[in-house]
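So the protein lines, in turn, are chains G and U. For the first sequence, the positions run 1348 to 1492 when the working numbering is used. For the second sequence, the positions run -11 to 64 when the working numbering is used.
Hints were generated in silico from the structure; no laboratory data involved. If you're wondering where the values come from, they're calculated on a predicted model, not measured in any experiment. Where hints are given, some of them may not hold.
Partial chain U-side listing against chain G, Cβ under 8 Å, derived [unchecked claim]:
1) -8
2) -6
3) 7
4) 10
5) 16
6) 19
7) 21
8) 23
9) 25
10) 30
11) 41
12) 45
13) 52
14) 59
Just so it is clear, CB atoms sit at the ideal spot from N, CA and C, and this is done for glycine as well.
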Amino acid sequence: MDFDTDLKMAIYGHFAESAKSPTVFEMASALSAPEKEIFEGYGRLADQRVLVLNPDGETIRMAPPFAGIPTQHRVRVGDKEYFANCAWDALGIPAALHANAEIYSRCEQSKQPLHIVLEGRPFPVPCVIHFAVPAAQWWDDIVYT
Amino acid sequence: MLFFRSEEMVNEWCEANFTPRQPLIELDQLWNLSKAWYGNRMTPEARRPGPEEMREIFAKCGLEGPFWDPLSDHFG
């Protein structure tokens, strides 16, 4: 594998294992590479839309479906609890991990809690999902979709 | 992409936030979309789907029309 693929795999592996965004130091240690190369790799992966970086350009805001910051969408898989970027990614985490999950989120209008149990497929609950932005515009502002 | 308890809640939220009401999708549709989009995300081969692949994935999940077209400039 090339360096960027190694880095991508290390980032996703870290998210899956720790449920947290990795630090540059952790990625540099994992790949036995200088931090400068990790920063540069982050930039290339962001250009490919594999990652979304925080405004500092050095830390990971999103490695979809994983969120690098706390959000209203929590996903419990086994003894780990992940944050997801949006409703889609809340289901994306069990899809990526090929695992059952429990999703804790809310109705955006009523703010009532929403609990989705997913075992092979989601158990039906009163729920719909609204995509506010057309697909062609998602990357105009990927944080708001 | 946000969860709502009902279509009525979506309409209230759109009105309160001056946001156009867009298509809704059901939980099972979102699960099918998630599996197609993220199923191989933990593998080295994973990458963002191109426009044609996106159209195919959306179509398989019953999501068609300008809203779901990644290259559309018409969202009517």
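To see whether the hints hold, each was checked on the structure:
1. -8: This hint holds: residue -8 of chain U lies near chain G, its Cβ roughly 5 Å from the closest one there, short of 8 Å.
2. -6: 6 Å, holds
3. 7: 6 Å, holds
4. 10: 6 Å, holds
5. 16: Holds. Min distance 7 Å.
6. 19: Cβ of residue 19 of chain U sits 5 Å from chain G, so the hint holds.
7. 21: 7 Å, holds
8. 23: Holds, about 5 Å.
9. 25: 7 Å, holds
10. 30: This interface hint holds because 6 Å falls under the 8 Å limit.
11. 41: Hint on residue 41 of chain U: violated, closest Cβ of chain G at ~12 Å, above 8 Å.
12. 45: 10 Å, violated
13. 52: 11 Å, violated
14. 59: At 6 Å from the nearest chain G Cβ, residue 59 of chain U passes the 8 Å test, so the hint holds.
Violated hints, listed in ascending order, are 11, 12, 13; each of the other numbered hints is respected by the structure.
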